[in-house]
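Enquirer: So the protein lines, in turn, are chains A and H.
Its first residue numbered 6, the first sequence is counted upward by one per residue in the working numbering.
Its first residue numbered 6, the second sequence is counted upward by one per residue in the working numbering.
Just so you know, these hints were derived from the structure itself, not from any lab.
Note that beta-carbon positions come from the ideal geometry of N, C-alpha and C, so glycine has one too.
Just to be clear, a hint being listed does not mean it is correct.
[Unchecked claim] Derived coverage of chain H by chain A (criterion: at least 3 residues anywhere in the stretch with Cβ under 8 Å from a Cβ of chain A; other residues may be distant):
(1) 143 to 150
(2) 177 to 183
(3) 324 to 335
[As the list claims (entries may be wrong)] DEER-style ranges, computed between Cβ atoms:
(4) Gly309/H with Ala300/A: 23 to 33 Å
(5) Ser363/H with Glu204/A: 30 to 40 Å
(6) Arg352/A with Leu339/H: 51 to 61 Å
(7) Gly64/A with Gly191/H: 46 to 56 Å
(8) Asp138/H with Ala300/A: 23 to 33 Å
(9) Glu204/A with Pro340/H: 54 to 64 Å
(10) Ala206/A with Glu333/H: 45 to 55 Å
(11) Leu44/A with Asp171/H: 35 to 45 Å
(12) Arg330/H with Leu391/A: 31 to 41 Å
Number of protein chains: 2
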Amino acid sequence: MTAASGWGILKAALSARFAMHTIAPSTRLRPSPFHEATLAEGVRGFTVYNHMLMPTDYGDPVGEYQRLLNGVALWDVAVERQVQLAGPDAGRLAQILTPRDLSTLGAGEGRYVALCDHAGTLINDPVLLKLADDRFWLSIADSDALFWARAIAAERGLEVDVSEPDVSPLAVQGPQAEAVVAALFGDWVRGLKRFRFKETAIDGIPVVVARSGWSKQGGFEIYLMDGSRGRALWDLVREAGRPWDIGPGSPNAVERVESGLLSWGGDTDARTNPFEVRLGRFVDLDVPDDVVGIAALRRIAARGPARHQLGVLLEGDEPTPPPIRWREIVKDGLPIGHQTNGVWSYRLRRNIGFALVSVTATPGDDVEVLVDGARIPGRLAELPFL
Amino acid sequence: MTAASGWGILKAALSARFAMHTIAPSTRLRPSPFHEATLAEGVRGFTVYNHMLMPTDYGDPVGEYQRLLNGVALWDVAVERQVQLAGPDAGRLAQILTPRDLSTLGAGEGRYVALCDHAGTLINDPVLLKLADDRFWLSIADSDALFWARAIAAERGLEVDVSEPDVSPLAVQGPQAEAVVAALFGDWVRGLKRFRFKETAIDGIPVVVARSGWSKQGGFEIYLMDGSRGRALWDLVREAGRPWDIGPGSPNAVERVESGLLSWGGDTDARTNPFEVRLGRFVDLDVPDDVVGIAALRRIAARGPARHQLGVLLEGDEPTPPPIRWREIVKDGLPIGHQTNGVWSYRLRRNIGFALVSVTATPGDDVEVLVDGARIPGRLAELPFL
């Protein structure tokens with residue numbers, strides 16, 4: 006079966022069940038600075054993330070996937086809002102908010118970090134960017150980390166201003182992304198290491214250019230720092246990318262599952278700690294005692310987490326619709342956890358997903374997954390799949 | 006022009022611009038316990054609220070509006086999540102979180118409250134329910150008040166557990182709601198005053214029944230306390246409501262604007278304080294000094310807020326599509342604030358909305374509103390409209 010015919014089946018299943026539901030217009034769901042540009046590109050579907058609309062569909066899912074894997078795609082990811090920490094205690098607050106050691110983080114460097122509450126529960130997983138000793142951005146996942154950071158800052162009496170600046174990332178992703186971004190900004194971008202960034206401007210539009218992005222295909226995020234210039238920046242990148250056949254896309258559900266990238270809120274629940282979802286390597290247990298949640302994380306590390314995150318491959322060679330709820334996973338007749346996402350992998354030609362399961366379950370184990378009332382045989386696997 | 010023909014125009018304008026966009030299925034956007042029931046009712050559109058899907062459209066907007074105004078409607082409002090405060094310091098935390106005096110709040114009583122940050126900015130506007138001296142629910146608007154409450158509780162060292170319980174409200178709204186709820190639960194519900202509630206059960210389904218709801222047409226909210234029984238509770242209410250021709254609906258954008266009900270996040274921005282949006286009467290300046298934000302609120306009250314919330318009626322007798330961004334309002338050539346929502350009022354036969362404008366502007370003032378590049382004449386008015 007070709008990827009395209011797989012999509013045909015999936016699309017039929019979807020339209021019968023879910024995809025025809027529309028999203029109601031509201032000022033509560035803010036459009037991004039790139040909204041008009043994405044409308045002009047023919048956007049067909051959105052999700053909501055950080056109280057904003059994010060494009061998810063331009064009507065050609067297979068083409069959008071292939072563009073990400075083989076070419077270069079342009080994504081409106083303005084929903085990755087920035088929580089800015091500014092002032093004399095900005096660095097102190099940044100460290101208090103995350104159990105990852107930041108003592109060696111330099112200006113112009115970013116780091117993927119866990120935010121935990123006092124019980125060690127994961128409440129966001131942003132990229133932290135250090136713009137200066139007294140200015141940081143948390144480029145956040147889908148929870149109100151702004152209020153969280155403000156609460157901690159104010160309760161601790163820190164001298165820091167916590168705000169959401171006018172900053173909206175535009176992602177350029179795929180193996181040809183570097184060529185496009187270099188054509189636009191210059192060859193210096195080729196020397197940027199992962200999560201490193203630089204403040205610059207293009208045609209008078211202030212931006213931060215970072216090697217970053219929610220895919221494993223490589224790429225950059227251009228942080229627009231003037232929301233009135235969204236269309237202009239989009240068009241500049243679009244034009245610069247023409248030789249590489251750039252086109253619109255969005256954070257790609259299929260690629261991110263194949264690549265093992267975590268979606269906070271989708272793959273996590275109200276009691277998930279970093280150790281359960283492969284973020285243990287970003288927890289430094291010897292950070293200072295005033296780091297939120299560190300005492301709880303030390304306890305969890307000492308006894309070991311109850312669950313861990315694996316992959317699961319389902320039997321069958323026809324796509325099933327993506328789940329909207331976690332699916333129970335059963336092993337030897339007993340529930341061991343849940344499948345937390347699900348996609349049809351174009352490369353593996355299988356339905357795959359993440360499994361948040363008891364640590365007693367290991368890769369290679371045969372399991373059953375409850376899919377819409379049916380028990381589908383499956384096998385646990387290491388992440389990433391590819 | 007009839008309400009129905011007004012809708013025809015609006016629908017045509019909408020489908021050209023927005024309403025055909027679909028929402029992508031994802032485990033990050035949780036369905037409600039009533040999801041399958043609403044699918045069976047023919048739900049057509051959703052919004053996202055508190056990381057969950059909420060039905061907004063069953064394909065008959067005029068019928069849904071008329072049912073709310075003249076009969077009785079059933080709404081899936083499970084997205085009104087509860088933040089539970091439980092433990093010896095639950096009452097103390099509740100008071101710390103809101104500048105409304107709770108000293109006279111009894112068990113079985115609820116109160117509409119403002120949650121503010123330390124700068125006095127409104128970050129949520131829940132209904133607070135006191136279940137017992139040591140157990141409270143905040144029935145929240147669309148922000149992560151769970152994390153906020155946890156941060157404050159932990160930083161202050163309070164002995165209280167802050168959690169999201171398995172509780173999902175189902176609203177029964179409209180002038181016939183009392184008859185339906187009395188038929189189901191008994192005549193005692195007729196004696197419930199606004200925001201009073203009682204824990205009970207129906208067919209073994211544990212619920213809280215409250216006189217409450219996000220409309221001015223009267224009604225109840227039935228808080229389902231067992232998420233596995235959503236379909237059963239929906240069907241019970243549907244069956245009990247049959248003599249009054251009950252039907253599905255959702256929080257109604259038109260009615261709530263006509264009635265002057267605030268939507269946090271839609272009608273507020275990053276610097277809105279309670280005094281600006283008609284919530285000053287819910288701020289008691291003499292609450293204890295440890296209430297979050299009270300010092301800032303006292304300063305704001307002393308100097309007076311910069312903006313206030315009015316209505317605005319636009320010229321023209323044809324519906325315009327609802328805004329997805331705030332619209333600038335101009336008076337005597339100068340910007341004075343924004344129109345924060347917009348609907349076609351079936352009763353007033355006008356496009357109306359809320360205006361968050363300088364306190365120098367008053368009801369009766371002639372203004373201009375920037376609608377998609379055009380300057381539409383309008384007039385400021387008192388809220389509510391009706």
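Enquirer: Against this structure, judge whether each hint is valid.
Expert: Verification of the hints:
1. 143 to 150: holds (count 3)
2. 177 to 183: violated (count 0)
3. 324 to 335: holds (count 6)
4. Gly309/H with Ala300/A: 23 to 33 Å: The hint (23 to 33 Å, Cβ to Cβ) is violated, given that Gly309/H and Ala300/A are roughly 45 Å apart.
5. Ser363/H with Glu204/A: 30 to 40 Å: holds (35 Å)
6. Arg352/A with Leu339/H: 51 to 61 Å: With a Cβ separation near 58 Å, Arg352/A and Leu339/H satisfy 51 to 61 Å, so the hint holds.
7. Gly64/A with Gly191/H: 46 to 56 Å: holds (53 Å)
8. Asp138/H with Ala300/A: 23 to 33 Å: holds (30 Å)
9. Glu204/A with Pro340/H: 54 to 64 Å: Given range 54 to 64 Å: violated, Cβ gap about 30 Å.
10. Ala206/A with Glu333/H: 45 to 55 Å: Violated, since Ala206/A and Glu333/H (Cβ atoms, about 27 Å apart) do not stay within the stated range.
11. Leu44/A with Asp171/H: 35 to 45 Å: holds (39 Å)
12. Arg330/H with Leu391/A: 31 to 41 Å: The hinted range 31 to 41 Å holds for Arg330/H and Leu391/A, with Cβ atoms some 40 Å apart.
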